[in-house]
Amino acid sequence: QVQLQQSGAELAKPGSSVKISCKASGYTFTSYYISWIKQTTGQGLEYIGYINTGSGGTNYNEKFKGKATLTVDKSSSTAFMQLSSLTPDDSAVYYCAREGTTVDYWGQGVMVTVSS
Amino acid sequence: DIQMTQSPASLSASLGETVSIECLASEDIYNNLAWYQQKPGKSPQLLIYYASSLQDGVPSRFSGSGSGTQYSLKINSLESEDAATYFCLQDSEYPYTFGAGTKLELK
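Going line by line, the protein sequences match chains V and E. Note that the first sequence covers residues 126 to 241 in my numbering. Note that the second sequence covers residues 2 to 108 in my numbering.
Calculated from the structure, these hints are not laboratory results. Treat the numbers as computed from the prediction; the structure is a model and nothing was measured. Hints are supplied without guarantee of correctness; some may be wrong.
With a straight-line Cα cutoff of 27 Å, these simulated BS3-like cross-link-like pairs (lysine-lysine) come out [claimed, not checked]:
#, chain 1, residue 1, chain 2, residue 2
1, V, 148, V, 192
2, E, 40, V, 148
3, V, 199, V, 144
4, E, 43, E, 75
5, E, 43, V, 192
6, E, 43, V, 188
7, V, 148, E, 43
8, E, 40, E, 75
9, E, 43, V, 138
A few chain E positions that, by computed beta-carbon distances, are all more than 10 Å from chain V [what the hints assert, rightly or not]:
#, residue
10, 9
11, 20
12, 28
13, 53
14, 55
15, 60
16, 68
17, 80
18, 81
19, 85
20, 107
Virtual Cβ for every residue (Gly too), placed ideally from N, Cα, C.
Throw the hints in and build the complete structure from the sequences for me.
Quick look at the structure:
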């Protein structure tokens with residue numbers, strides 16, 4: 126079955142960076158994009174962008190350019206998202222999800238807390 | 002960006018009732034609309050894609066309809082397990098955008 130296993134919760138200081146992983150299994154990794162989505166109580170769900178797992182090409186929501194960097198390691202079927210220059214506004218649950226004709230399967234989410 | 006206006010924000014209904022949730026897009030999204038269910042502490046689960054196609058394994062009491070800018074999710078014969086937050090996603094144009102969500106409470 127399709128599974129997206131994300132890394133664990135992060136507690137980070139303002140100005141620092143975190144890197145979240147998303148390991149896929151149960152399907153051909155390079156046949157689908159991996160998307161990343163931010164969820165907060167206040168702003169709801171926001172689409173950060175996707176990475177083409179075959180080519181490594183990316184497409185970012187303008188709002189997250191400079192904030193998020195998406196990469197992929199095909200050899201381990203793992204996608205990564207680095208969040209940089211963290212501020213309290215970056216505190217959220219971050220999901221990876223498989224994207225084909227639509228966004229279908231989601232990881233379990235990673236809570237990132239930014240606090241001094 | 003395409004704006005998705007979802008209504009109502011919350012809904013209270015009884016077991017066995019039928020409810021509908023609406024999403025209005027700021028422009029035509031050509032049926033590129035998905036619906037998800039999310040329970041507290043869990044990740045979203047896909048219910049409907051391409052406006053009306055039922056995802057494998059989703060009960061048939063869930064259905065989607067609509068076209069152009071107006072879409073709806075209908076849940077027939079509510080069951081206790083349907084208590085959750087539901088939201089829509091337009092996947093017609095990047096960046097994809099989501100509705101704000103509808104919290105469904107069972108009386």
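Index of numbered hints that the structure contradicts, given in increasing order: Violated hints: none; all satisfied.
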